[in-house]
Amino acid sequence: MLIFERGQAGRRAVAQAPSTTDDLHDIPAALQRKQKPLLPEVGEMQVVRHYTNLSRKNFSIDTHFYPLGSCTMKYNPRGAHRAAMQAGFLGRHPLAHESISQGFLACLYELQEVLKGVTGMKGVSLTPMAGAQGEFAGVAMIRAYHEARKDHERKEILIPSAAHGTNPATAVMCGYKVREIPVNDEGDVDVDALRDAVGPQTAGLMMTNPSTCGVFERSVREIAEIVHAAGGLLYYDGANLNAILGKVRPGDMGFDVMHMNLHKTFATPHGGGGPGAGPVGVGERLLPYLPIPMVGKDEIEGKPRYRWLTEADIPQTIGRLSTFMGNAGVLLRAHYYASVLGREGLLRVGEFSTLNANYLMKKVQDAGFQLAYPKRRATHEFIITLNKQAKELHVSAMDFAKRILDYGYHAPTTYFPLLIPECWLIEPTETESRDELDGFVKAMVQIQAEAENNPELVRGAPYSQPVRRLDDVRAARELDLVWRPTAEQ
Amino acid sequence: MLIFERGQAGRRAVAQAPSTTDDLHDIPAALQRKQKPLLPEVGEMQVVRHYTNLSRKNFSIDTHFYPLGSCTMKYNPRGAHRAAMQAGFLGRHPLAHESISQGFLACLYELQEVLKGVTGMKGVSLTPMAGAQGEFAGVAMIRAYHEARKDHERKEILIPSAAHGTNPATAVMCGYKVREIPVNDEGDVDVDALRDAVGPQTAGLMMTNPSTCGVFERSVREIAEIVHAAGGLLYYDGANLNAILGKVRPGDMGFDVMHMNLHKTFATPHGGGGPGAGPVGVGERLLPYLPIPMVGKDEIEGKPRYRWLTEADIPQTIGRLSTFMGNAGVLLRAHYYASVLGREGLLRVGEFSTLNANYLMKKVQDAGFQLAYPKRRATHEFIITLNKQAKELHVSAMDFAKRILDYGYHAPTTYFPLLIPECWLIEPTETESRDELDGFVKAMVQIQAEAENNPELVRGAPYSQPVRRLDDVRAARELDLVWRPTAEQ
Amino acid sequence: MPYVPHTDEDVRIMLDTIGVASIDALFDEIPAEIRAKPLLEIPSGRTEMDVTRLVGERAAADGNVINFLGAGAYEHHIPAAVWDIISRGEFMTAYTPYQAEASQGTLQVIYEFQSLMAHLTAMDVSNASLYDGGSALAEAALMAVRANRKSQSGRVLVLENVNPFYCDAARNIVGNQHIEIVKVPFDATTGNVDQAALDAYAGQDFAALVVAMPSFFGTLEDVHALTDWAHANRMLMVAVVNPTALAVLTPPGEWGQKGADIVVGEGQPLGVPLSSGGPYVGFICCRNEIVRQLPGRIIGRTVDLEGKRGFTLTLQAREQHIRRSKATSNICTNQGLAMAAATIYLSLLGAEGLARVAQACHANTRKLIASLSEIPGVSVAHQSAFFHEAVLRLPKNAAEVVAALAEQRIAGGLALGEFFPDHENALLVCATEMRNDADIARYQAALRQILA
Amino acid sequence: MPYVPHTDEDVRIMLDTIGVASIDALFDEIPAEIRAKPLLEIPSGRTEMDVTRLVGERAAADGNVINFLGAGAYEHHIPAAVWDIISRGEFMTAYTPYQAEASQGTLQVIYEFQSLMAHLTAMDVSNASLYDGGSALAEAALMAVRANRKSQSGRVLVLENVNPFYCDAARNIVGNQHIEIVKVPFDATTGNVDQAALDAYAGQDFAALVVAMPSFFGTLEDVHALTDWAHANRMLMVAVVNPTALAVLTPPGEWGQKGADIVVGEGQPLGVPLSSGGPYVGFICCRNEIVRQLPGRIIGRTVDLEGKRGFTLTLQAREQHIRRSKATSNICTNQGLAMAAATIYLSLLGAEGLARVAQACHANTRKLIASLSEIPGVSVAHQSAFFHEAVLRLPKNAAEVVAALAEQRIAGGLALGEFFPDHENALLVCATEMRNDADIARYQAALRQILA
Ligand SMILES: Cc1ncc(COP(=O)(O)O)c(C=O)c1O
Ligand SMILES: Cc1ncc(COP(=O)(O)O)c(C=O)c1O
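Line by line, the protein sequences give chains A, B, C and D. Per our numbering, the first sequence starts with residue 1, numbered consecutively. Per our numbering, the second sequence starts with residue 1001, numbered consecutively. Per our numbering, the third sequence starts with residue 2001, numbered consecutively. Per our numbering, the fourth sequence starts with residue 3001, numbered consecutively.
Read the hints as simulated data drawn from the structure, not as lab findings. Quick caveat: nothing in here was measured; it's all calculated off a predicted structure. Idealized CB from N, CA, C, for every residue including glycine. Among the hints, erroneous ones may be present.
[Said to hold, decoys possible] Straight-line C-alpha distance at most 30 Å; calculated DSS-like pairs for lysine-lysine:
1) B:K1036 / A:K57
2) A:K57 / A:K34
3) B:K1122 / B:K1303
4) A:K57 / C:K2308
5) D:K3326 / B:K1150
6) D:K3396 / D:K3183
7) B:K1177 / B:K1150
8) D:K3396 / B:K1150
9) B:K1155 / D:K3396
10) B:K1122 / D:K3037
11) C:K2308 / A:K375
12) D:K3183 / B:K1036
13) C:K2326 / A:K155
14) A:K303 / A:K375
[Claimed, not checked] DEER-style ranges, computed between Cβ atoms:
15) C:E2374 / D:A3032: 53 to 59 Å
16) D:A3403 / B:L1309: 16 to 22 Å
17) C:N2436 / D:A3032: 55 to 61 Å
18) B:V1191 / D:R3146: 34 to 40 Å
19) D:S3022 / B:D1472: 43 to 49 Å
20) D:I3322 / B:A1148: 33 to 39 Å
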């Protein structure tokens, strides 16, 4: 039932609104609303019960193994949530004076420093509100750089074909054309094709490494040289940073600019769609262009004093990208996480996420599933293809995904990257135990048996969820995006 | 799976314990533990996932209609929980000096006053930790009163046969003999039997009104006179106070002492078994005996100053019943609830809980179910008997109860009070909407049809829960109260 | 190590299974010369207890401030139920609902959010959220340029009294696509648009006109006339609104003859804490005709195999993961949790409750400006109807006053000098339903003393 | 009205269905002369916002105190996960698990709690919780009297260094059943039992001997000898323990030749906040042989119709709702939520974590007393091994010192004069793992100044 359908005319959660009402005589009648908006009319307990029960219809990290490749669904420490939800932080107005904001600013400053440390970048701005906005900031800085040098011919961004959709979409939002670079059958960028593609029109290259193919781009140094030699800059999509934390730094690989998805690598909760945070880091050349606001630190009488850095400090900045300073609460959680892990813990993230992925990959392979890149190491994730199952048994990667829900596991990412047919991108993360991984393989083996012996069963899945398989085609064809009372009659 | 079974030797939630360890050289070896206790060895996420998933195996007010008679399962305001969970309250040590405790003491003092107001009692002590301890405090005061008067012959407490088990158990804990008074077939105490029972041995009578039969004891004034005339005192079991809040006060009915279950009437969460709070209120005669600590208020330079009342203030007190002052956090929640409701809201509690019960009773009766007291008004609850179904269809009140779980409703209280066969005691509370009550009746009607057409179905219920019907007999016969690793092999 | 459950035994078994000798061997594809050195700049890890204490002290240092600041972020009462429910693991630790059947909770919440926002704005449809108000304005400008078939231009007219932070963010985001934000000045005495300046643009090719209600100054434009003006000049009408205000003010869908075309705003007032500026939740609504130009995620209602109602991601062909370089936006992760908070908040408040909040805010702001205006030299800046926020003229530099008030832990408002020339003495103030008479008296006393 | 969802229309329909004209008519069985008048003494209702602000200010007024108080309630670090999970509606707003199939969550948590407590104490069984430590001691005394078949007596020997609050509560609870608590004095120099005084009771008929570890003063008795003494004198041995201490101290099940018979204590240190004294969680464990004398709820493991493991209330024939006046206790509602907190806490800490907590507390207390002893006139009172808490002798009335420290928002400990004659200058202090060196330095400075 929808919350609207639980309503009764006149019902209210009385304790929640001011009890006195006041006339609005000073507001012109023409600007006053005539008809009340159609909001639910429900009691407080009904609301609590409705949304509590809705929540119970979700899979989540707190309830299920959730090996969604590229999304890094790892444990979100409860302590981080608690830390960010303190009254002093929640009540701080974004424009509050710096003199009553030193606590908050200190956390942000420290986070900037940690992110510089793990990435090998020279400067970090925390303001972008998700990975995609971080990408935007990064590519906008590349553009600002070329423009500052009056290098106006650079109109193209190169992107490997396996890239995440936000990469090309971002390049276009920054006014660039996109040229795709093919990936070879070991998952590496085709370096010859890249060599052919670069030129005076090249503004830069966007790359994810480990790539979306779940492998480490071995030619990264060569790629960097080629692009740099052509006058382009290198953008690092940090969505997969979890895999290499403490092991290799984008700055050392030769990247000029990057974003980090704190809601992945730094374990902030993804909230069923957000919020995230996508800080950008840059090397020397792009420092002048970082988006504001950032946090600076002065010493006053031997004591640290934090303050906002603005256009006055960074006159060439690409400017502000959000109303205030981005997803502050997410940044506080990431600061907490980084503080608990520290340098030893951050190093282990890369190690154990990689260990888990390679273990799972080996077990899955031993169980007879086909790897997309059998000759490669897994990074923190890996790809299998269910192409054979689709062709021979007519049981698709989607069918497998729906069926594994019945076994109590969230499905891996399906059909991404697009270049591997019928694929699953599997990312266990470092916070899952070996027992959990073993259970997952067992479920896969059982589904394989079902696909062989009773394919209808798998094609009809799921059976254990609040709804059976949903009709996506109908959703798009008979568009119903808003509840209206007439629709119910 | 049990949390122990998720363990692996050496696994730990590392962030949760101090990182440095210290030797205990100053503690004699004979007093040092040799073998580590067998606690789970699990990671933090495993714990979160385990207990989050366990919680999902519960029915609760936040998720289900829960008409458990005598238990007043109404909405527990989230605001009350938030208020009590503030750092300033959570961090207050029970023995903290009064000068840094005025906030807490003010809340307690106000709660005492509200409870006096709604009960018509002259003094209230908040310290008892649940209804049963409130009963203990009350009967202990009755005893202290008689002893102070050197009235040593009064060795008997009278209790109506329908009474809750805590009443006789309490009387015994206070050193009394229990004499049961029968209840007539309209649910009232048999006044003639009472008259026969009272005498110089009567210390007092314990009574619930509305009674556990779900009806208001109409002869309450007469009963009070009889007991008082015999020199006994009247104890009011306030478990059903919700029904009459603002409508009639125990003090005005003639009771000398009572307890309130704040976890019922004052909407504090019951926590799957507790905590509760069972403040006691007394009339003039028992004021000197109230249990400590209580909160007093002085005026100092026109400002209120709160302080603990102790033996020095109440020399005849029955003393302390808990280590500190009882379930303070529960009291804070009740204080919040009373503050939000205020006098108007508290009045409505009695009205609407009664309205809901009478409406539901009528609908259930119209649907063909048999009421225990068809000639009576319901109070905030009422009783049906499924005796006919048990006899004719061999489908018991228990079977009905298990089956209604499958319809998404918690079962009412079953087989209580003991004197009505195959009964359900149904208490909807004022926070449920009419729609919810109608849905419940519909489910009952459907189960009745099932009982007639397919009784096996009902006898085999539930089907939708984490487990099918459990073997209670085996649980008691093959006692297994503690997990031990060998038991698993 | 924190949050990693592996025992030594686990590691051994896993390495054996993989067939390598050490974890380090798993990184052998990474060229040795770029392998990282120990991260010595980063401090060592600490326990939950230690970090909690550290950040607890920091939060306390920033706390206990009494707020008269609005300027796009408002301190409203948030029912305890809202974040208690949001904080449930099932909502908080889920990802984007890619597996619809295992995410019906999140999906239904979004469908409800879309419905609530559509009803509140009186528009046809809403998306599942954008980042915040400022970036939502950017998306609205881009959308308007795509959607306005009658315009060839990449130019958008924006009244100068629209939140300057929004305008900045929008300009920085859309600028790279050669979309130009053209500001229309306001009249200093009314705080509303300078009609003559606007009329100068009549007949020119602009994709849209952007109008805020209330304006950044709290003033109320004649949105009906402006909407009709935009449509008469073949521009789309983009409304920037405060959702709380919509409980009592005319919703954009009913502005002028035909209503606004696109509506954006900041959803923060709906149950989202101030929290230093985020996570907030941008919203965007539009007319049915242009839904395929809407950026971001959209949830649709459908049925399952057995005909049972369910919810799923829809119109994905607009989005980057399908359409890549041709997507309507690059947005992927949005503001799901704050969106859910807004949904629960609106359900708890209802139309009547939200109207009371709006009325109480307005009444408190009236009280506040009346109280502060008693101080010699302090006056109200604009002679216009306003809602819930207003500009005061002080006898002194407002930024200095704000700094002095902060010493007394009063967030006294926003000094406007930074944004508008000749406004050094202007202070934007706001009192929500959270402020009481004692708070206002305390502000008055503090200000009196500072100005004395 | 708050929390009542009825509309006027609902009320009309419901009254029509019932067949009465007004809600008031439903109360017509209540004699008119006793009907209540309007509750004018009680203030009018307020909104969540207003009450939240009021109690928020009160909480703040009591907050920000630095704690060196123990005396039965200890400020330990509580992992955020504990109360986040406990606060889930499914745990918090469920009733006692009367319908086992719909309450497997709560039931399994209790079974786990019973298991954890049994392992921690090295006893056979545990119940599902009692109210708190003090009332648990009362139940232990009653249980011992019932269970000790060799004793005819209603007398129980209790060492005087057992928490005096526990002793008071126990005496008040058991006194009405003519059960007598007989105190055995302690030796002022050691803080431990005066052996001669104890030996005077040898051979007499007592149901039990009650010994605490650590004692109220933090000192450690020779529990092995005491246990053997009790058994030799046909008494049951009742142990009162601090559960944190059991991570490193010998568990009662291993005391002496045969171990303790009954173990009780306060579970508060296990993840339950100080919270002004409650809700806490009393625990009680015992040997298998006397399980049927155990008071309170007990959960057992069983199977369902299909043989699947499940949990249910068991041995209910001991309880008041079945056995009524013959029950082992009148307890009904217990401390479920705090019990669940202890369960989650112990799972998060594990044996290793709990031992570290114990060690850190002990180390901090050692540091504390070393630091305070530097102040002229301050010395340690007892020449005994201690754990985690200790008594200092001051050159001044301790109650006055405590009051002076409170002015500086330091909860400096418990002045013992109220409990023990000749102890006016004795102060019981404690520093848990939450205290750091800066805290201790601050205490030292404050105390130095007060004593100067
Ligand atoms: C490889 C990659 N790049 C970019 C993104 C976009 O990040 P966000 O969702 O935070 O905007 C994602 C998110 O899934 C991703 O996996
Ligand atoms: C009528 C009655 N009396 C007493 C009690 C005991 O109260 P408590 O469970 O708070 O100890 C109850 C509890 O169910 C009850 O219903």
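Index of numbered hints that the structure contradicts, given in increasing order: 1, 2, 8, 9, 11, 12, 14 and 17
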